[in-house]
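Numbering (this note's numbering), first residue to last: 30 to 472.
Wrong hints could be hidden among the right ones.
What the hints assert, rightly or not - DSS-like cross-link-like pairs, simulated, lysine-lysine; straight-line CA separation at most 25 Å:
#, residue 1, residue 2
1, Lys-338, Lys-59
2, Lys-243, Lys-357
3, Lys-285, Lys-59
4, Lys-408, Lys-357
5, Lys-283, Lys-470
6, Lys-470, Lys-289
7, Lys-357, Lys-288
8, Lys-84, Lys-408
9, Lys-289, Lys-59
10, Lys-357, Lys-289
11, Lys-469, Lys-338
12, Lys-288, Lys-470
In short, the hints are calculated from the structure, not lab data.
A quick note: this is a predicted structure, and the numbers were derived from the prediction, not measured.
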Amino acid sequence: MSSSHSEENKDPDAHGSGPTASLRILSSLKDVSADAWDAVANPGWRLSEGGALEKTDQCHLPGQSTESELAALLGSEVEPFSEDQSFNPFLSHSFLYSLEESGCATNATGWLPRHMLLEDETGAVLGAVPAYLKSHSQGEYVFDHSWADAFFRAGGDYYPKLQISVPFTPATGRRFLIGPGINREAGLQALAAGLVQVCQRTGASSVHATFLTKGEWDGLGDLGYLQRTDQQFHWENHGYESFDGFLTDLASRKRKAIKKERREALCADGIEVEWVTGPDLTEAHWDAFYGFYMDTGSRKWGRPYLNRKFFSLINERLAERTLLILAKRHGRYIAGALNFIGSETLFGRHWGCCEDHPFLHFELCYYQAIDFAIANGLKRVEAGAQGAHKLARGYLPATTYSAHWIAHEGLHQAVADYLEQERFAVERENEALADQAPFKKSD
């Protein structure tokens, strides 16, 4: 694969002399301003220096066409901006561009940026999609290696493929970033059709949109994309005032087990836990955490995806949206968990240590995350990919969603048959696990 300049595809003007929309493909997020991207990625929110978050009353994009012009442009009535839209740090220009600028998500690592913008005739951004042309299936957390292998054995080329995602980040969020004042269905249709065009022009075998919202998943299914489900474990805050308040909702045996784990995690001589965020984060903290991250990555996957530069860039741009939960013993950091802070959700991402202590992983990644969410009024904790062991710690099964467009008819049908069975299996497993939840049973 090779990088290319921005490409533009004008949609035909169905109204003769009315406004036109265009799709533009970017080879880097540096080709779009942070303000323009963030206005559609996280409408109603503004990031200032260091990642400080501000709520805005934005219901119309700067420089955007009028509502009547937008209705004509997209062939549909506009849809009011939803006031309950939450902020997702992973969709921000700061996070995504840091992945590129650090060299983590680039052509050299098999993540060639091909971000899509939907623009009106003035150049105002109406919508966007974070997209990458990929030469492998690493760093996605929705596994299609068997599809690639089967297609290869049948004589086909599965790679390149077009990946719609936040690289290395298994966290649910919008992927079809429709801005305020834009009809969601019409915007989704325009962007989804554009992705198919990109596949056809680049020779990509398929489009894969992962960790979608349920609404996007439903909409793409209506457009002929194949639908896939999977499972994560999330903790929900039911208005708790403290961790003990959460524990009162648990069955007695489970409550005692968690209390015991928390005691044992911190019983080693001198272990202390720190929450570090915002301006308190220093390069020394990141040096320590990066050592933990590299140790975990090298043991589990062979090659960690993120480099040291990425964490420095995040510290510059998103420190206020970043939380390190660190364990220290005798003045030395021995373990840490990295989290990102949304407006409603704490997203747990990475963990590592240089000393092994029983239950310290559970304490830093799960229990301290719950403590932080309660203290800061967050609605939930998403603790990352997979892990049925989280169930006993109060994290319940949650369905995740992905959608897939496959050009080859034979592969399309084979995958469709497989996904039908997989969706049924995921649903049954989630139901079975929910029955084993540690919460008190209602009469």
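Practice problem: Take a quick look at whether Lys-243 and Lys-357 sit within 25 Å of each other, Cα to Cα. | Solution: violated, 40 Å
Quiz item: Keeping to a limit of 25 Å between CA atoms, is the pair of Lys-283 and Lys-470 held or broken?
Solution: holds, 12 Å
Practice problem: Below or equal to 25 Å on CA atoms is what counts here, so check Lys-469 against Lys-338. | Solution: violated, 46 Å
Quiz item: Is the Cα-Cα distance between Lys-338 and Lys-59 25 Å or less?
Solution: Status holds; Cα separation ~17 Å.
Quiz item: Given the hinted pair Lys-288 and Lys-470, is their alpha-carbon gap at most 25 Å?
Solution: Cα-Cα ~20 Å, so holds.
Quiz item: Taking 25 Å as the top limit, are the C-alpha atoms of Lys-285 and Lys-59 close enough?
Solution: violated, 52 Å
Practice problem: For the pair supplied as a hint, Lys-357 and Lys-289, confirm whether the alpha-carbon distance does not exceed 25 Å. | Solution: Cα-Cα ~20 Å, so holds.
Quiz item: Given the hint that Lys-289 pairs with Lys-59, does the C-alpha gap stay at or below 25 Å?
Solution: violated, 50 Å
Quiz prompt | Straight-line alpha-carbon gap Lys-84 to Lys-408, limit 25 Å | solution = holds, 17 Å
Quiz item: Taken at face value, is the distance from the CA of Lys-289 to the CA of Lys-470 at most 25 Å?
Solution: This hinted pair holds, its Cα atoms lying about 22 Å apart.
Self-check item: Given pair status - Lys-288, Lys-357, alpha carbons within 25 Å
Solution: holds, 21 Å
Quiz prompt | 25 Å Cα cutoff - pair Lys-408, Lys-357 | solution = violated, 28 Å
Violated hints for the displayed structure, listed by number in ascending order: 2, 3, 4, 9, 11.
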